[in-house]
Every structure is written in structure tokens, then in C-alpha cells.
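Residue numbers (UniProt numbering): 1 to 142.
If you are wondering where the hints come from, they were derived from the structure by calculation, not from laboratory data.
Backbone N, C-alpha and C define an ideal beta-carbon position, used for all residues, glycine too.
Incorrect hints may appear among the rest.
Derived Cβ-Cβ restraints for the label pairs, each shown as a range [to be verified]:
#	residue 1	residue 2	range
1	31	91	35 to 45 Å
2	140	88	19 to 29 Å
3	131	49	26 to 36 Å
4	135	109	18 to 28 Å
5	141	51	36 to 46 Å
6	141	111	13 to 23 Å
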Amino acid sequence: MIRDDWESICTLEEKDLPIGYPWYFVTEIIGDWTILRFAATGSWACLGQAIKACGPDGHPGLPIAAERLLLPSSCPGTLLGKFGGSTASLNDNAAFAIGACCYTPMPEKKNCQLFISINGARPVSTNVLDLIRLEIFGAVDQ
């Protein structure tokens with residue numbers, strides 16, 4: 001059965017959004033949510049000039065060394081998220097793949113900070129997302 005009780009929490013919609021490496025702060029999520037849903041669209045070329053732009057699901061099958069990826073289990077170019085931590089840390093909290101669509105439990109705290117990154121983005125001072133729309137929804141399990 002499809003849920004119909006999702007409430008909009010936040011929408012990030014930007015063109016030419018500069019994001020620092022490795023993480024970009026999006027918002028603080030406040031509420032009694034037990035589950036979150038992310039829906040993302042957009043395009044970016046953060047893997048180097050020789051690699052064409054991709055969307056939230058990244059480049060399946062693109063061979064990039066695992067040590068270059070923040071989340072080796074996800075494709076290069078995938079939109080990633082993490083709750084809490086720092087914009088500068090490579091391993092302070094567990095990253096998760098947002099991709100085009102993601103469902104994840106809300107962290108235990110009543111509020112948390114959401115950061116995003118691009119898996120395998122070049123470690124330069126700033127990468128630019130050509131276009132991103134990230135919608136965040138919350139629901140409460142009964």
C-alpha cells in the first residue's frame with residue numbers, strides 16, 4: 001500500500017549551486033518524523049572534465065577507484081547524504097545514497113542536520129551542481 005501521509009519538510013532547488021568538498025550543508029530537519037523520503041533530480045559534472053554530466057543516480061559501471069569514493073557501494077556521481085557531522089570530515093558519520101529516490105529512518109534525535117555530496121567528486125575547493133532539486137518529506141509510523 002502506498003503511503004499518502006508524507007509532509008513536505010524542505011525543498012532545495014538551485015541552478016549552478018557551488019558545493020564545497022566533501023560536504024554541503026542543506027538544512028536542519030526538525031520534527032517527530034520516523035521516516036524520511038528524498039526525491040532528487042538534476043545534473044552535475046563533478047567527476048572531472050573527461051566525464052559527462054550525470055543525475056542523482058550517478059554513472060553505473062563507470063570505473064573509478066574505490067578509495068576516491070565517499071561511498072564505494074554506490075555509483076560514481078551519485079547524490080549522497082549524511083546526518084550530522086561536519087562539512088569537512090570524510091568519515092564522521094555514515095553516508096547514504098540518496099540517488100533519485102531514497103527512504104531512510106529519521107535519526108534518533110528529534111532534529112538533525114542534513115549534508116549532501118557527490119560520490120567521487122573532485123577534491124577541489126568547490127564543485128558546481130548545474131541543477132539540483134532535492135525534496136525532503138517526512139512521515140510518522142503509527
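The hints, checked one at a time:
1. 31 with 91: 35 to 45 Å: Since the Cβ atoms of residue 31 and residue 91 sit about 27 Å apart, the hinted range of 35 to 45 Å is violated.
2. 140 with 88: 19 to 29 Å: violated, 33 Å
3. 131 with 49: 26 to 36 Å: violated, 18 Å
4. 135 with 109: 18 to 28 Å: holds, 22 Å
5. 141 with 51: 36 to 46 Å: holds, 40 Å
6. 141 with 111: 13 to 23 Å: holds, 18 Å
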